[in-house]
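*Asks:* Put together the whole structure using the sequences plus the hints.
Numbering (mature numbering (1 follows the signal peptide of the UniProt record, and there is no 0)) for the sequence shown: -20 to -1, 1 to 97.
Bear in mind the hints are in silico, worked out from the structure with no lab data behind them.
Warning: the hint list may mix true and false statements.
In the DSS-like style, the derived pairs of lysine-lysine whose C-alpha atoms are separated by at most 25 Å in a straight line are [what the hints assert, rightly or not]: (1) K18 to K56; (2) K31 to K18; (3) K91 to K18; (4) K57 to K27; (5) K48 to K18; (6) K14 to K91; (7) K31 to K48.
Label pairs and their calculated CB-CB ranges [claimed, not checked]: (8) A41 to G90: 34 to 42 Å; (9) S77 to D29: 19 to 27 Å; (10) T88 to T46: 15 to 23 Å; (11) G90 to T46: 31 to 39 Å; (12) A5 to K91: 24 to 32 Å; (13) S43 to T88: 27 to 35 Å; (14) T70 to A22: 32 to 40 Å; (15) A5 to E45: 13 to 21 Å; (16) P12 to T46: 21 to 29 Å.
Small disclaimer: the values here were computed from a predicted structure and weren't measured.
Idealized CB from N, CA, C, for every residue including glycine.
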Amino acid sequence: MKTSKTYLLFAMLFCFFLTACDTVAYLGERYPVKNDLKVYYAARDVKRDYKVIGHLSNAVAGSEETSKNEIIEKAKKVGADAVIFTGFGTTAGKNGSDTITADAIQYTDGKQKETTD
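*Replies:* Right, dumping it as C-alpha cells:
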C-alpha cells in the first residue's frame, strides 16, 4: 500500500512539473523547429508577406522580459519565422494577471532573409 501511495505522489509531482515548465499557451499550426526568429512589436513593421500560424499568450509570473523570452522560445518550437507582440494587459476577473500576447508568423514570400528599407 505504501508503494502505491509513493508512486501516486511521484506521478502527481511529475505531472505538476511538466505543466509548470511550459507556461506559454499556444493555439495554431506546428512546423519544424526554428533556431532563430525575428521579433516585431507591430504588424506594420513586417516588410515581407506572411501568414499568422498561431497565437501565443503568457501570464507574467516574474519579469516581463522573462515572459517575452518564453514566448520567443515557444514560437521557435512551433516553427515560426517571426513573432509579433500584439498586446500586454490584465485579464479580467478576481484573480486577474498581466498577460503578454503575440502572433507566430511564417513568411510566405520565399525569401531567405528580410530586406531592409
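*Asks:* Could you run down the list of hints and mark each one as holding or not?
*Replies:* Hint-by-hint comparison with the structure:
1. Taken as a hint, the K18 and K56 pair is honoured in the structure, with Cα atoms around 10 Å apart against an allowance of 25 Å.
2. Restraint check: the Cα-Cα separation between K31 and K18 comes to about 14 Å, which is no more than 25 Å; the hinted pair holds.
3. Among the hinted pairs, K91 with K18 is consistent with the structure: their alpha-carbon atoms are about 14 Å apart, no more than 25 Å.
4. The suggested pairing of K57 with K27 holds, with an alpha-carbon distance near 23 Å, which does not exceed 25 Å.
5. Restraint check for K48 and K18: satisfied, since their Cα atoms lie roughly 13 Å apart, inside the 25 Å limit.
6. For a cut-off of 25 Å, the pair hint linking K14 to K91 stands: about 16 Å separates their Cα positions.
7. With a C-alpha separation of about 21 Å, the suggested pairing of K31 with K48 holds against the 25 Å cut-off.
8. About 39 Å separates the C-beta atoms of A41 and G90, a value consistent with the hinted range of 34 to 42 Å.
9. One distance hint, 19 to 27 Å for the beta-carbon pair S77 and D29, is violated here, with the actual separation near 35 Å.
10. Our hint of 15 to 23 Å for T88 and T46 is violated, since their Cβ atoms are close to 31 Å apart.
11. For G90 paired with T46, a C-beta distance near 34 Å keeps the hint of 31 to 39 Å intact.
12. Between A5 and K91 the beta carbons are some 30 Å apart, a value that agrees with the proposed interval 24 to 32 Å.
13. The given range of 27 to 35 Å is respected by S43 and T88, whose C-beta atoms sit roughly 34 Å from each other.
14. Checked against the hint of 32 to 40 Å, the C-beta distance between T70 and A22 comes to roughly 21 Å, which is inconsistent with it.
15. At roughly 19 Å, the beta carbons of A5 and E45 sit within the given window of 13 to 21 Å.
16. Against the hinted window of 21 to 29 Å, the Cβ-Cβ separation of P12 and T46 comes to about 26 Å, which satisfies the hint.
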